[in-house]
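**Q** Top to bottom, those sequences are chains V and X.
Going by the working numbering, the first sequence opens with residue 9, and the numbers climb by one from there.
Going by the working numbering, the second sequence opens with residue 9, and the numbers climb by one from there.
Simulated from the structure, these hints should not be mistaken for laboratory data.
Check the hints yourself; a few may be wrong.
Same chains, same label: a pair holds when it works inside one copy or across any pair of copies.
As the list claims (entries may be wrong) - No more than 25 Å apart at the CA atoms, straight line, and that leaves these computed lysine-lysine pairs for DSS-like: (1) K367 - K152; (2) K368 - K186; (3) K183 - K212; (4) K41 - K158; (5) K41 - K362.
Protein chains: 2
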Amino acid sequence: MREFKRLTPYREALRLLLDDLSEVDEVEEIPLKEALGRVLAEDVASPIDSPPFDRSAVDGYALRAEDTFSAREYSPVELRVIDEIVAGEESKAKVESGTAVKLMTGSKMPEGANAVLMQEMAEREGDIIRVLRPVAPGQNVAFKGEDVKKGEIILGKGQVLRPQDLALLKGIGFKTVKVKRKPRVGIIVTGDELIEELNEEALKAGKILESNSVMLESLVRKYFGEPVFYGVFPDDEEKIQSTIEKAKTECDLVLVTGGSAFGEKDFAHKFVKLLFHGTTIKPGRPVGYGERVFIMSGYPVAVFAQFHLYVKHALAKLVGAKNYEVRVKATLAERIPSQLGRHEFVKVWYENGKARPIKKKGSGIISSLVESNGYIEIPEDSEGYLEGNVVIVVLY
Amino acid sequence: MREFKRLTPYREALRLLLDDLSEVDEVEEIPLKEALGRVLAEDVASPIDSPPFDRSAVDGYALRAEDTFSAREYSPVELRVIDEIVAGEESKAKVESGTAVKLMTGSKMPEGANAVLMQEMAEREGDIIRVLRPVAPGQNVAFKGEDVKKGEIILGKGQVLRPQDLALLKGIGFKTVKVKRKPRVGIIVTGDELIEELNEEALKAGKILESNSVMLESLVRKYFGEPVFYGVFPDDEEKIQSTIEKAKTECDLVLVTGGSAFGEKDFAHKFVKLLFHGTTIKPGRPVGYGERVFIMSGYPVAVFAQFHLYVKHALAKLVGAKNYEVRVKATLAERIPSQLGRHEFVKVWYENGKARPIKKKGSGIISSLVESNGYIEIPEDSEGYLEGNVVIVVLY
């Protein structure tokens, strides 16, 4: 059996990969209501000041702060209410010394007023209020442009849109938003040993239930892509080659699982000119990439690691996504030994500031993925971490 | 203006709410490929052992470990290869002392063999291999049921399904999964001051661009629900009342924004018998709930806080979701003062183990939500936290 002549270091392979890919050009203008989780295609500047004018931040009385400076509970200041408005209305009154206008949160500040007294701080009798405490100039006023200024970049290109981002866009007048087209990601699953229906006899004869398809499809969806599933293929060179060719013309990226090593039946690497084949990652060493095609392992845990270490970043590059990972600091609950020369992907359970490595090993052990909620990376030059070390966990 | 006679403490209100809601009964059986993010309706037990038999964890030679105990590089042990199989095939050969079977990762262990020598550890010549190092019994063997045992609960009711969960299900023979029906969540937006088209004149007259609809719709989607949007209504008592009635018959939960306080135009609370109205949360105090209807604020930041502190947990209860929050430990980068008697929702930016409070205040300041990626809760009995305190951040 041929072995890899050289394992490309993880970072070097990742750079080769990312340098080889270009951001998707196409932009889609879609309704805000459909934009959750999509990636902003360009910087967005606000077309308006928000608030568009100085307005009250509370329900209360707009007044001249100077009038209240001497107000005390035992010696209240009396002001005359000259107008009362409700939300969405505007007072035309002019506040002069000794007067006030009753208004609502969000109401435009009437001319002459420079502060608002909270409703519950005033005693009212007819059109007279008694102010019990002084109010400072500017108090309870939301100033023009205080939330967002006209022309200000409020959301940057590459932002993965969240509910609050969509609310901000709607609140300054947008009804649609320009996002990147979802990259189409072809998925080709190969292997003579794979079956798709539960069949105990076949399992006893050494067959394996195929599970990479649904894992990759949902990972691709989670990370901005549109999966295109081409099916499960036995190790038939010609069929696999023609399917890869077809997928390359139809997709932005193609993932092929199985056949990534150099076994007798591992031939996927013959069909693409690879930029790297065999990297220092563990698990998942026999990963290859070239011509927008990933040759991945057949073992689910290795595929999962290869996806997070390479494919996820490739998808983010394709759409220009910025904030696509949740990275948290954690204290290791147990030591993790690591092999020098390998970039290890270690599954952990993160909870309450602590990360506990999942001990189950073996690339076939899918339950180890289910029992984890994140991973730690241990680079080639480290022999691992000790209990109590502070590490970065990427949550999934 | 009437004020709240009593603010219900946050925890008490939350308990009243959750006790009032029952889990959705209906279960949908859907294809695995559509199940990402859905909530498992029942415990799932594995119908098979996985692996279904003892199998090799590497490409190599199945042999009797005892034969290799004396193997050294300067004094190799020679074994005769009596069979060779590829992935998905089964060897019928019986391994006896002095013999070995070549197999692939995942191959069933042939009778008589109790360990596997990694391919690269053997020197081969014709049908003879030279073993250079001893192998321990059980080495490189994945034992029957090691990943998952037949009958074992592999995923619990309430699990929010992730890519790896779907892969595990597929890998043990499932093609569909039973998930809870998505709760239908009615959204009714009220307020005379709201406009839906950017109109500078209207804004100058005190109108406000409506933004709660898209925020709530996407939050509901994010947390397991199916939003049903009923529209934006001016403060017309009759129309709002009839819409709430209609939504109650069509939905599992109804969210009404605007009109939650006791202003002249705040009447939504008249149409439902509320279990609580006015709670200690800040922002968002004037929240009310009863008869499966939430009366929420009109101000986006308050609505956002009310959603996370109440509605999110209500939705999780409706579907029985367990792992629906990402909670991380963080060190405060700045002190946060908090008012005694208020359960404060403090927006923060979490990064690299540190949480920095977002200073912008005011319930109209949507940009403060955009600049944050999580929140801290400060309960009623706390005056806040100091710089350097360790706190829990819920990421969003």
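**Q** Please sort K367 with K152 into within, between, both or neither, judging by C-alpha distance up to 25 Å.
**A** between (57 Å within a copy, 18 Å between copies)
**Q** Since the copies are identical, ignore which copy is meant and state whether K41 and K158 lie within 25 Å (CA to CA) inside a copy, between copies, both or neither.
**A** within (24 Å within a copy, 44 Å between copies)
**Q** Can you give me the call for K183 and K212, within, between, both or neither, at a CA distance of at most 25 Å?
**A** between (57 Å within a copy, 20 Å between copies)
**Q** Measure nothing new, just compare the shortest in-copy and cross-copy C-alpha distances for K41 and K362 to 25 Å and report within, between, both or neither.
**A** neither (37 Å within a copy, 32 Å between copies)
**Q** Is the C-alpha distance from K368 to K186 at most 25 Å within one copy, between copies, in both cases, or in neither?
**A** neither (44 Å within a copy, 28 Å between copies)
Going through the hint list in order, the structure does not satisfy hints 2 and 5.
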